[in-house]
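K.L.:
One letter stands for each residue in the lines below.
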Amino acid sequence: MIAALRRRHRVMFAVLAPTVLASVVVAVGARPDRPASSVTPRELLGQLPQDLSPEPAYRLTSGLAFGAELRVGVDVAFGADPRGSRFVDVSPHGDPALPDVLVYAADPSAGGDGLPGDAVLLGTLAGAAPLRFALPDGLPEEPLILLYSLGDQQIVGASLVTVREG
Amino acid sequence: MGHTYVAVGWNRQKRIYDRTLALAVLLSLGVFVGVGAALFPNTTAETLLIRGLGTTALVLLHVVLSIGPLARLDRRFLPLLYNRRHLGVTMFVLALAHGALSLIQFHALGDMDPLASLFASSTHTGSVAWFPFQPLGFVALMILFVMAATSHDFWLAFLTAPVWKALHMLVYVAWALLVLHVALGSLQVEASPVGPALLLVGALWVSGLHLIAGRREAADDREASARTDDGRIDVGQLSEITDGCAKIVTVEGERVAVFRDGDSVFALSNACQHQNGPLGEGRLIDGCVTCPWHGYQYDPATGRSPPPFTEAVPTFGVEVIDGNVLLDPHPRAAVVVRGEHSEAGT
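Sequence order for the protein chains is C and Z. For the first sequence, the numbering used here assigns the number 1 to the initial residue and increments by one for each residue that follows. For the second sequence, the numbering used here assigns the number 1 to the initial residue and increments by one for each residue that follows.
All the given hints hold, so there is nothing to weed out.
Label pairs and their calculated CB-CB ranges:
hint: 1; chain 1: C; residue 1: Ala22; chain 2: Z; residue 2: Pro193; range: 14 to 24 Å
hint: 2; chain 1: C; residue 1: Ala22; chain 2: Z; residue 2: Pro308; range: 47 to 57 Å
hint: 3; chain 1: C; residue 1: His93; chain 2: Z; residue 2: Leu39; range: 16 to 26 Å
hint: 4; chain 1: Z; residue 1: Phe77; chain 2: C; residue 2: Asp75; range: 45 to 55 Å
Since the hints were made in silico from the structure, they are not lab data. Where a beta carbon is used, it is the ideal one built from N, C-alpha and C, also for glycine.
Extracted from the complex, chain C is given alone in its bound form (with noise of 0.2 Å):
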């Protein structure tokens, strides 16, 4: 019987070992240029794109007004991969020094002073590091989008004009 249990290691581990080692290098390679935001909202579930592109199809990059407490630039990109799933870049200058900033995407033409009641949760910034963020289907072509501190509940940045590259 431990004969058994000796065989069963050494075939568990012939075949866990390239596995494990194999997914682990995969996994590292196909890391995004830009790492992708980790919250998934249940708003976005099936219409996330399969899969991140490093070339888009095409770029619109957008400055970002920021608000008094927002004393930080942020880059504002979108895009879409080649099979047309399109996303949105978010590029801090710096670490925004602000608590639990969310990212939402909403219709420009939302108004009011407060975050839109249609405005869809994209995920949260961390820090300076710059994100991607998938957009779901139904929001306008180029999206508001605005950052939200949850920790001081309000919105501390929005995005504005639009420059079409490539």
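Take the given structure of chain C and dock chain Z to it, following the hints.
P.N.:
Just chain Z now, kept in the frame of chain C:
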């Protein structure tokens, strides 16, 4: 049930071991949270704690998985096997805290059941960046729970060592799932090469140790012993066996430990009844074969543990003819003593 529960018997060594372990865990968490807060001042305490608990648990899992093969490759690591289960249970508690806090942080604030949300929040198995990595961690945590819950000797005796060990070999599956959980999870949201490098080194370390140890064991299993005309195993010269120690031979795939005690020899199964530890790598202490893993003892002549203990292992007939040790490959309860030859087991 035929087995009764007996509470863990704490002794000085176990207390020292557990205090050291608790200090190491607290130190690891403190350093992780402290350094993390200094480098990333806007990271919330919850996030730091979740990451710190997960990282400490993963490091501990790698330590746990290294002890077995290291002890097989070098006897100096044998003491680490003692109380290894304390490391395993501690690792599970840390992993459970990591999982529970993650569930609260990321899934408990919406209008969906948190567990349902964990499995439903991403269905993109075709995407590396958005692969549903959290279910991998959940399944691994369930495996670790079963192992922690059955870590007491009651379950070892109730399930029997072979079944218990087979169950606990699921830890290798849990390890694989957790490495993937990290590779497809936290590593996808950071650009630093440090995390991937550490994860890869850890995976290489554990894989390499187990493959090397497994290969050595396979070579020992294949080693065929010579047989005499009457079917007995030719163990070799008695003088080749160090007094108080054993020579291990393979009999039809299983191992038998042939011990020498002065001019006497004894043979018994190499598998300790407790956790199937290698009795043949132990020594004769106070006249008893003593398992190197946890110190379980057996009378070499009868294979029975001294009273009040009730464990027993099969013994084998063995005798010495002209200085050559011959082993009967069929297990039995007593040792035959034959006339004019040197007595076996006396």
